[in-house]
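**Q** Here is what each chain is made of, one letter per residue.
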Amino acid sequence: MFYRETGQFKTNYADDMAIFPIRQDRIGIAIIIAIALILPFVASDFVLKTILLPFLALSVAVIGLNILTGYTGLISLGSAGFMGVGAYACYKLTTLFPEVNIIIWIFASGFFAAAVGVFFGLPSLRIKGLYLAVATLAAQFFLQWAFVRIPWLFNYNPSGAIEVPLRTLFGVPITGPTAELEVKYLICLGFVIGMTWLASNLVHGRIGRSWMAVRDMDIAAELMGIKLLNAKLLAFAVSSFFCGVSGALFVFLYLGGAEAGTEFAIRLSFLILFAVIIGGTGSMIGSFFGTAFIVALPTILKFGAPAIGIAITGATAEKIVLMIIGALTIYLLIVEPHGLARLWQIMKQKLRVWPFPY
Amino acid sequence: MMFKKLALGATVAASVLTAGFAAQAQDAINFVHNTYRTGAFSGSGIPVGDGTRDYFTMLNNRDGGIGGVRINFEECETAYDTRRSVECYEQGKAKNTILYVPWSTGATLAAIPRAHIDKIPIFSMGYGLSASAVGDVFPWVFNMPITYWDGANAFIQHVAQQEGGFDKLRGKTIGLLHLDAPFGKEPIPILEALAKQHGFNLKLYPVAPAEMQNQSSVWLTIRRDRTDWVYNQGWGAMNPTAVREAARGGFPVNRLVGVWWAGGDDDARPAGDAGRGYRALNWHQTGANFPVIQDIIKHVVDRGQSLSAKEKVGENLYNRGVYQAIIIAEAIKNAQAITGKKVINGEDMRRGLEALNMTEAKWAAAGAPGFASPFRVTCSDHNSQSAVYVMEWDGKAWKRLSADIQPQKEQVRPLLEEAAKAFATSNAGWPARTEACQNNS
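Residue numbers (our numbering), protein chains in the order written: chain A, 1 to 358; chain B, 359 to 799.
It cannot be assumed that every hint is accurate.
[Said to hold, decoys possible] Distance condition first, Cα-Cα at most 30 Å in a straight line; then the derived BS3-like pairs of lysine-lysine: (1) A/Lys319 <-> B/Lys670; (2) B/Lys451 <-> A/Lys319; (3) B/Lys656 <-> B/Lys754; (4) B/Lys526 <-> B/Lys757; (5) B/Lys700 <-> B/Lys720; (6) B/Lys668 <-> B/Lys554; (7) B/Lys754 <-> A/Lys92; (8) B/Lys554 <-> B/Lys530; (9) B/Lys530 <-> B/Lys757; (10) B/Lys670 <-> B/Lys754; (11) B/Lys453 <-> A/Lys319; (12) B/Lys561 <-> B/Lys530; (13) B/Lys757 <-> B/Lys477; (14) B/Lys453 <-> B/Lys691; (15) B/Lys668 <-> A/Lys319.
[To be verified] Label-pair distances were calculated between CB atoms; the ranges are: (16) B/Arg634 <-> A/Glu182: 58 to 68 Å; (17) A/Thr95 <-> B/Ser738: 27 to 37 Å; (18) B/Lys554 <-> A/Trp145: 25 to 35 Å; (19) B/Ser574 <-> A/Ile219: 38 to 48 Å; (20) A/Ser200 <-> B/Glu793: 49 to 59 Å; (21) B/Ser574 <-> A/Val172: 46 to 56 Å; (22) B/Ala386 <-> A/Val42: 28 to 38 Å.
Simulated from the structure, these hints should not be mistaken for laboratory data.
From the three backbone atoms N, C-alpha and C, an ideal C-beta is built for every residue, glycine too.
Could you build the full structure based on these sequences and the hints that come with them?
**A** Following this line, the structure appears as structure tokens:
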């Protein structure tokens, strides 16, 4: 009744090609962004720090992997490693050139991750599917090894950790211990909106189409004149770029200093992959659904359930989370390969014809 | 229909978001304690968590808490994951915890920069950032009773004792079997310095976290190198594997010495008879023959309030949990005495910790006579670099092997101060200490 495009005429091609062709969708997006902007001032510190910040930081990586896996059809298990490259690059850059603003470095660290990603993406020209997953797994292990073994990366810190220094923007601290959570959140949100916009434009344009052609059948794509080398390596570069920015956000704005060699472990790579599968491969909104599921579910189960009177210990909650994520991944792979995003789409379709379905 | 569901969902979500932070009862001291009962390190995490939990339950049952105030003890599961630990830190903050006990090096590092801002002291007992021993730079962090650097130093002293003097070390090959993570690599600089000083060869045998349970190639290398002594800086599933592989490969297990985190009963037991002779450093006694352990059995275990099996009470890592709890309880008492308040907060707790002076009489009063060596925290020394001893596994239990070994403070302390200074300079804007020194009471 409310969600219907009746009367919204498209009078030129631009309208027809719009990402949000229906006015209600545009209003919806505006409302979501408005809520996201208000949220830090109403949510408690606990929610900000343990749910919203990791959600924002990781969603960028999930979008990155979705570009690679969902849009180009290449599986990668090295996302956490590429995130680590971003984090360490950002750390090196900001300690070597402290006078340059950290926001520039967070963005720039993505390029380092992209370069590493292209290098490890080279085998994708020869190998496919499961074998590619194994090759990217090698990237993951190599990078993790490098983070622990190359002391130059963490400035010879005896504890092997990277510690986030204090950095400011217009005199307001944005990283480091004294930065306010609200400020970190807003910076993170800015990155997420910018990166999503970038990714959305990429996948809706010529490049995105070539990726999808490669995904659907690479020989056919090649025959149509798409250069596989360029398309696949570009997908790896863009995907790793997103992962790198995400890693920098993760350490600089969320964790605020960590033993990153263990933080960017294979476990995180898998979580990101599960987020893509659960959220929906080849869908922007699905990336957000998946991240929300992976990030928020454990926290809500662990702290929310006891708060509303369900006696459940932390250890049990951890185990239940693993079981739910595992079961849901298998279920969605079999029943709904397009994940939560597809459910969302079905709901929108139903809403369009509500209350008189045909 | 749709809206009803949505509204319901929104209410549930809202209640989830707000409920966890209902104000706690004001007449109790809140203490949120990190544990890991799941994950690859749970083998070590469970007994430690049980020991601490049982001691505070015992205090509540026996004495009604500390100074007449109940301890609101709560566990927070981290699975040894930094992200979960950050959650637990925030949970502790929301519940006004008096102290943060990270139980992982990564979690400690993530929390250290926040401690002076949130006014929550950190107690990382014998782990974490070694440099945080320097109280002038880290007034909010405590890491009694010893650092990894002292541990490595004590290990070399033990080897020298066994070989018949430091001059006998020349030409020997000493290996460091370590988890390939910051925790495992901590002793390297000290061992390198000692190798230069005494002329022994140092070999490093890293074990990747993913390879903790598969060390056969590492032990092959150790045999090929004809290594004389191996120091095991491991944790969790890595330790039992090391002991088993050493025994299987014919390496004399009495020349394999573990750091205090590699001294769990379950680290040595799986090797069976072959594990007899495995050694580890320790700074407290094992066994249940202490009044405090007996009280725990009487007031907690026999009432069915413990999560631990009765026969595990008194094992090494269980006692380590009790050791930690005794120190924390003592600091709470100090804080109550200093401030005259019954319900203390994080700031009071910091003062209580800084005033810690665990004399023999204090240990005895806590029901643990001779349980651990006395130590004293001062304003600038938040570690005390206390003595350790070497114990040996006899196939069933740990037996004390050596006398107390005092780490060479004069070698380690300058390095600690250097590292602390480096931390302060690399973290631009690290605040100078403004907290007043707490005189020992």
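**Q** Work down the list of hints and note, for each, if the structure agrees.
**A** We went through each hint and held it up to the structure:
1. A C-alpha spacing of about 24 Å is found between A/Lys319 and B/Lys670, which places the hinted pair at or below 30 Å, so the restraint holds.
2. Between the alpha carbons of B/Lys451 and A/Lys319 the distance comes to roughly 25 Å, so the proposed pair stays at or under 30 Å and holds.
3. For the hint pairing B/Lys656 with B/Lys754, the CA-to-CA distance comes to about 24 Å; that is within 30 Å, so the pair holds.
4. For the hint linking B/Lys526 to B/Lys757, the alpha-carbon distance of about 26 Å falls within 30 Å, and the restraint holds.
5. For a cut-off of 30 Å, the pair hint linking B/Lys700 to B/Lys720 stands: about 20 Å separates their Cα positions.
6. Note on B/Lys668 and B/Lys554: the hinted pairing is violated, with a Cα-Cα distance of about 47 Å set against a maximum of 30 Å.
7. A threshold of 30 Å between alpha carbons decides the hint, and for B/Lys754 with A/Lys92 the separation of about 50 Å lies outside it, so the pair is violated.
8. Taking the CA atoms of B/Lys554 and B/Lys530, the gap is near 12 Å; set against the 30 Å cutoff, the hint holds.
9. The hinted pair formed by B/Lys530 and B/Lys757 meets the criterion: a straight-line CA distance of about 27 Å does not exceed 30 Å.
10. A hinted pair counts as satisfied when its Cα atoms are at most 30 Å apart, and B/Lys670 with B/Lys754 qualifies at roughly 12 Å.
11. For the given pair, B/Lys453 sits about 24 Å from A/Lys319 by alpha-carbon distance, which is consistent with the 30 Å threshold.
12. Restraint check for B/Lys561 and B/Lys530: satisfied, since their Cα atoms lie roughly 11 Å apart, inside the 30 Å limit.
13. Under the criterion of a C-alpha separation no larger than 30 Å, the hint pairing B/Lys757 with B/Lys477 is inconsistent with the structure, at around 41 Å.
14. For the hint pairing B/Lys453 with B/Lys691, the CA-to-CA distance comes to about 21 Å; that is within 30 Å, so the pair holds.
15. Taking the CA atoms of B/Lys668 and A/Lys319, the gap is about 25 Å. The hint holds against a cut of 30 Å.
16. At roughly 59 Å, the beta-carbon separation of B/Arg634 and A/Glu182 lies within the given 58 to 68 Å, and the hint holds.
17. A beta carbon spacing of about 28 Å between A/Thr95 and B/Ser738 agrees with the range 27 to 37 Å that was offered as a hint.
18. As the Cβ distance of B/Lys554 to A/Trp145 is approximately 27 Å, the hint placing it in 25 to 35 Å holds.
19. Roughly 44 Å separates the CB atoms of B/Ser574 and A/Ile219, a value that falls within the hinted 38 to 48 Å.
20. Distance hint check: the CB atoms of A/Ser200 and B/Glu793 are about 51 Å apart, consistent with the given range 49 to 59 Å.
21. The hinted window of 46 to 56 Å between B/Ser574 and A/Val172 holds, with their beta carbons roughly 54 Å apart.
22. B/Ala386 and A/Val42 have their C-beta atoms about 29 Å apart, which keeps the hinted 28 to 38 Å range intact.
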